[in-house]
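Asker: All chains, full assembly: derive it from the sequences and hints.
Given next are the chains, with one letter for each unit.
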Amino acid sequence: MKTPRIGLIVGACATLLALVLPFIGLHVPWILPGVVDVVNSTGTLDVLALCFVFAGVALGYDVMFGYTGLLSLGVVLHFAAGVYIFDIALTLWHWPLFLALSWTAAVALALGLVVGAVSLRVSGIAFTMVTLAFAQAFYYLIEDNPHGLTGGDDGLSLFSNRLPSFLSGAVSNTRSLYWVALGFLVVTGVVVWVVTESSTGHVFVAIRDNERRVEVLGLRPFGFKLAAYTVSSLIASAGGVVYVLLIGTAVPSAVAATTLTLSIVIMVVLGGAASRWGAVTGGILYIYLQQYLVKVAAEPTFASLPAFLRVPLSQPQFLLGAIFVIFVLFVPGGLAGALLRLRMARARRKMAAAK
Amino acid sequence: MSVVLSLAFSGVALGAIYFLAASGLSLIYGLMDVLNFAHGMFMTLGAYAGWDVATHLPISWGGAWLLVIEIGAAVVGGALAAAITELVLIRPLYGRPLAQVLVTIGLDLAAVALLLGGFGSNSLTLPVPLWSIEASRIGNVILPHSDFIAIAAGIVVVVALEWFLRRTRYGITIRAGVENREMVRALGIDVGRAFTLVFVIGGAMAGLAGLLYSVVFSGDLVSPLQGDSLLIFAFIVVVIGGLGSIRGSAVAGLIVGLVQDFANYYLGAHAGLAQFGNLSVVLLLAVVLEWRPRGLFGRAL
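Chains X and P, in that order, are what the protein sequence lines are.
Residue numbering for the first sequence follows this note's numbering, starting at 15 and increasing by one per position.
Residue numbering for the second sequence follows this note's numbering, starting at 5 and increasing by one per position.
In short, the hints are calculated from the structure, not lab data.
Keep in mind that a hint or two might mislead.
[Said to hold, decoys possible] Some chain P residues judged to face chain X by a derived CB distance under 7 Å, without partners named:
(1) Val-8
(2) Gly-99
(3) Ala-103
(4) Gly-122
(5) Val-162
(6) Val-163
(7) Val-243
(8) Gln-279
(9) Asn-282
(10) Val-286
(11) Leu-288
(12) Leu-289
(13) Ala-290
(14) Val-291
(15) Val-292
Positions of the beta carbon are idealized from the N, C-alpha and C atoms, including for glycine.
Answerer: What follows is the structure, given as structure tokens:
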């Protein structure tokens, strides 16, 4: 059941709404993640921007995981690489923005190719373990603060007078940073759409379904897998660049920890692997819930709950992990899968009624 | 020379802990194709179970028995957590290996968060007998007593596991299942029971590894994240040793432990990277994969 038209229209409307959101001063109680219950408040726009960043990263990851069937747990390596390479070029080397961006893109590309090529020496579960090990090694490297480049555990704040004024200073430029994040998501969406609809993208899916068959057809899976890996890692690195602009600082435990990788996997699976809208929805929903649950846990009424309820409920990561487990057990295919089943059931009922 | 011997001793102790963590993972993967992320949780829970039991004992219990009780609690805690995980979460998903991996990922995240909420992010101190903090000397070679405990535990488990897998009915079923699961099923043997058993054994060893890691390498501290950082090295050991091979885990555990220990000492200071030991292990992994992608003792992947 393919309905690209409807998807495209809904997507265009959602993008348009997101685009004008900073001008809507609507008061909405309860559901907003920011402290102030106004749609275009700084807090809410910040959270939404973060949602867009991770929705884009999740979408990029879906190319490798959902479409090509490669369960990499090293995506955070490429995200953190984007964060740190860009941050270091601007903050420590005082490079102009364009040069820093090109340099980050070049290094990110090389990193994607090299790490991908080595990891893809093995397949299946061994690939998963190896990518995880490389990501962890990268974490240790950052934490070690080599030559004073990364700031170690304290992190490296983004500070540069070479940035255009509308991008520097996270507080005063919430709106423009929000648009940058939205732009990143839209561009990622277009890129992923083009890649997955191309003939190369169809080979990705064929590799996922039956790698041996692709080989028999005379194609070398390795090159295609490396392409999928590199596209995903480049998008992750770009997400890292937007992230550090948005947050204004790079801390290893926030941008390079395994927990973040697992979160990105969860986003994709929640939304539905190998579904573009699924990955985007999953990413937005995950970050939104994560931030919203923190806000709920800080409410005064919350403190009066008995400990056996308060302790688990005050940990967003616990709730998200539990929701995820329930999804894997009872909602195969995530949100996209559930939607598909709903449509199928409706179509079946229609057919039965027509008879 | 004495430095080399001291390093070798502590490297072997570290290798023993890696073996304990990795062999369960390797068996579970070999038999069920499940990459068990919850193994990190089993290790952390083992350490917390030891801590919890020890804090409920009267203070006068300071002797060697304290450690024995803690180890017992860790083994039971790890095994119990593993049994529940297998029966409640893994069993409904038989035949869907990816879903099984994902469920253990969610479980691990949730469990770590729960421990952080319940016990706080600060490390807890595990009460241990004075003897295990001290060290002996032979000439200039320093031999910490806690390392003896880890090495002894490693040897006991290797011997017990080899005996169990080669001499008992269940063990032989498990080995046959690792070789060819479909054939075992075709012979009318209940593989499902072997799945639970493998999880329980893996969980028990993981609990032991978690507690020993606290005693031997993190200064008797217990923290919610220790299992996950140990898990990554366990993964590396499993891949280097070869998936599904106990002997592979033992040999690779020793190699990784020794390389890490020596690299930390000799290269850490020179390269100016305190974490060089950890990096060297990942480098070793990359080299082994280039040279022999199925690991030292693994079947062809």
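Asker: Val-291 of chain P was flagged as interface toward chain X. Is the shortest Cβ-Cβ separation under 7 Å?
Answerer: violated, 10 Å
Asker: Holds or violated: is the Cβ of Val-243 of chain P closer than 7 Å to a Cβ in chain X?
Answerer: holds, 5 Å
Asker: When the nearest CB of chain X is found for Val-8 of chain P, is that gap smaller than 7 Å?
Answerer: violated, 25 Å
Asker: Is the interface hint for Leu-289 of chain P satisfied, with its Cβ closer than 7 Å to some Cβ of chain X?
Answerer: holds, 6 Å
Asker: Closer than 7 Å between Cβ atoms is the bar; does Asn-282 of chain P clear it against chain X? Give me holds or violated.
Answerer: Cβ of Asn-282 of chain P sits 5 Å from chain X, so the hint holds.
Asker: Return the status of the interface hint for Gly-122 of chain P: holds when the least beta-carbon distance to chain X is below 7 Å, violated otherwise.
Answerer: holds, 5 Å
Asker: Quick one, is the Val-292 of chain P hint okay against chain X at 7 Å, beta carbons?
Answerer: violated, 10 Å
Asker: Taking 7 Å as the limit, does the beta-carbon of Leu-288 of chain P come near enough to a beta-carbon in chain X?
Answerer: violated, 10 Å
Asker: Using 7 Å as the Cβ threshold, decide whether Val-162 of chain P counts as touching chain X.
Answerer: violated, 22 Å
Asker: With a cut-off of 7 Å on the beta carbons, see whether Gly-99 of chain P makes it to chain X.
Answerer: violated, 12 Å
Asker: Does the CB of Gln-279 of chain P sit less than 7 Å away from some CB of chain X?
Answerer: Hint on Gln-279 of chain P: holds, closest Cβ of chain X at ~4 Å, below 7 Å.
Asker: Going by Cβ atoms only, is Val-163 of chain P closer than 7 Å to chain X?
Answerer: Not OK, violated: Val-163 of chain P not within 7 Å of chain X, min 27 Å.
In this structure, the hints that do not hold are numbers 1, 2, 5, 6, 11, 14 and 15, in rising order.
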